Amino acid sequence: MTKIINFPNYHLQSDWHDAGINEKIWLHSTNIKDHHDDNVQNKTYNLKIVKDSDIVIDNNTDDFTIEDYSQRCLAIHDVKSNITHRFIAPVRIFQSIHQKSIIALDVARTGIAVSASTDGTMKVWDTVKNVQKFELKGHYADVNRCRFFPSNEVIVSAGADMLIKIWSAIDGSCPVTMKGHTGSINDLAIVDRGRNIISVGHDGMAKLWSCAKQTCIANIFDTGNISINACAIKSFPDSFDLGQRQDPTNDDCVGTSDKMILLGTESGFVHGIGVDSK
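Numbering of the sequence shown is given in the UniProt record's numbering, commencing with residue 1 and proceeding in unit increments.
What the hints contain is simulated information worked out from the structure, not anything from laboratory work. Please read these numbers as outputs of a predicted model, since none were measured by experiment. It cannot be assumed that every hint is accurate.
[What the hints assert, rightly or not] List of simulated lysine to any residue pairs, SDA-like, C-alpha gap at most 20 Å: (1) 129 <-> 106; (2) 51 <-> 25; (3) 48 <-> 31; (4) 133 <-> 95; (5) 80 <-> 123; (6) 137 <-> 174; (7) 129 <-> 108; (8) 213 <-> 252; (9) 51 <-> 75; (10) 137 <-> 112; (11) 123 <-> 105; (12) 179 <-> 203; (13) 133 <-> 111; (14) 129 <-> 90; (15) 133 <-> 166; (16) 48 <-> 71; (17) 123 <-> 161; (18) 48 <-> 23; (19) 213 <-> 195; (20) 179 <-> 225; (21) 43 <-> 75; (22) 137 <-> 98; (23) 51 <-> 89; (24) 179 <-> 217; (25) 213 <-> 250; (26) 137 <-> 154.
Make the full structure from the sequences, and use the hints.
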């Protein structure tokens with residue numbers, strides 16, 4: 001019989017690390033009993049700082065314990081799930097990049113960041129100097145995802161306008177635009193070194209693309225119009241069975257043979273698909 005384990009979500013007051021002695025901060029928990037059930041249990045607790053290195057629970061509760069506390073870290077241990085939730089205070093806060101909600105963000109190893117916002121902008125900026133380098137203009141609606149390629153010199157983005165765009169992170173030019181989805185594109189995954197990418201969208205499709213040919217190589221998965229909201233790619237050893245391919249591998253597929261793509265859907269399920277098994 002399948003055992004279902006529920007993991008509560010904890011949300012901590014965002015400026016908790018700035019609270020002083022005898023100040024209270026709030027902690028909120030949400031526990032969904034079943035992904036098919038709308039019965040959601042919400043609880044709010046008050047935590048009180050009594051000295052620089054000590055914090056106590058202001059409410060009587062057996063739901064969790066304080067495992068660790070400092071000005072940079074707060075760890076709570078959920079008793080029922082036996083899971084520790086660790087909150088880390090920010091080292092820096094960037095407040096001048098966007099004017100509204102940030103919905104996509106990635107940072108290269110060089111410290112250069114790309115971010116997109118509901119203010120209609122996508123910007124490339126320096127996290128060390130906290131200065132904007134340039135704005136990427138070309139999407140006609142919100143950008144839902146932006147990522148650096150492994151080279152750190154190229155960016156891929158996609159969004160509600162159903163377009164995938166590839167940009168130079170050096171000068172902001174956009175040499176590639178790809179079309180194929182019939183709904184908003186929600187997420188992107190870069191395969192290996194970036195010759196191929198995978199996109200997923202509100203149309204329920206997961207698509208494999210050739211960046212060089214600027215074309216869709218294959219539809220990897222179709223949920224039947226159930227939105228695919230997120231994806232992640234992972235390499236597996238040869239001993240792991242990712243499924244057998246019936247048709248010859250497309251010559252434009254590079255580094256796909258050992259890859260599985262995980263797809264998170266609107267229905268609450270995660271599908272694992274061998275990228276090369278189509």
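Hints broken by the structure, by number, lowest first?
When the structure is compared with the hints, numbers 3 and 5 turn out to be violated.
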